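Enquirer: When we follow my numbering, the leftmost residue of the sequence shown carries the number 758, and every step to the right adds one.
Honestly, I wouldn't trust all of these hints.
In silico SDA-like pairs for lysine to any residue, Cα to Cα no more than 20 Å straight-line [stated by the list, open to error]: (1) Lys-870 - Thr-779; (2) Lys-816 - Lys-851; (3) Lys-936 - Ile-835; (4) Lys-843 - Asp-812; (5) Lys-796 - Glu-775.
Don't read these hints as lab results, they were simulated from the structure. Note that this is a predicted model, so its numbers are computed, not measured.
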Amino acid sequence: MLKIIELKTKLISFDLWETLITDRPQGKKINSRSVQRVKKLSLYLNNKGHVISNDQIKKSLNILSEKCTQDHNRGKDIDFHNRIGKLLELLNIKQDDLIKNQIGDILDNCFLKYPPQLFPKSIELLKLLSKEYKLCLTSNTGITSPKTYYKYLEMIGIKNLFDKIYLSNEIKVAKPSIKIFKLILNDFSLNPENIIHIGDNIFTDIFGAKKVGFKAIYVNKRKGVDNDLAFNPDHTVTDISELL
């Protein structure tokens, strides 16, 4: 079991997306959630008197998602309510708290109705590790609220396996910022060499963790695409099942 974990390790931090969960089972992206979000938003907005085409809603959601990723790459995030405000700007709709809340609920409900899937062995690995180490979840988030993430994590049976959960749109800082990794250090009162971070993104996960002095395990599902980059993980696997 995890022979690559050193004796001084006390805490293991996990990324979420494409490390523990995925929208791409068997490599094929699930589009149902995106389609339903567009349909539900179109119906809602039309009922509110905002005649906006499905294509425009889809385009606006894609732009919002891209902007979210750009923010993350700069180590930044904003809370979910303000992120929905950015969507209203893209749709040229006047800012309104009630509309923001209702649109947020639509996006969240679609997430829960068409949830991402756990990778095989995720729960088995987390349960095994939780017997010997502290665990935390350190995730950059998209256009889903923190409360819905918590509900989803409970639904799939992994929420209570973590001692602490860090969601970027809840703490308003994202990987690879050193702030999020320093927050982990402070919360657990540990030294960097006591912590391993496991993730699939060579920049936000590996570079971010290594900057602070954490050990880092790279889940390289693309099998070599990033090998020439300068952010060197301590270990590389192609799937977390290899850690069992």
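Enquirer: It remains to establish, for every hint, whether it holds in the given structure.
Expert: Evaluated hints:
1. Lys-870 - Thr-779: Answer holds: Lys-870 to Thr-779 is near 15 Å, not above 20 Å.
2. Lys-816 - Lys-851: 18 Å, holds
3. Lys-936 - Ile-835: Given that 20 Å is the threshold and the Cα spacing comes to 15 Å, the pair holds.
4. Lys-843 - Asp-812: Roughly 18 Å separates the two Cα atoms, so the pair holds.
5. Lys-796 - Glu-775: 26 Å, violated
The structure does not agree with numbered hint 5 stated previously, though it agrees with all others.
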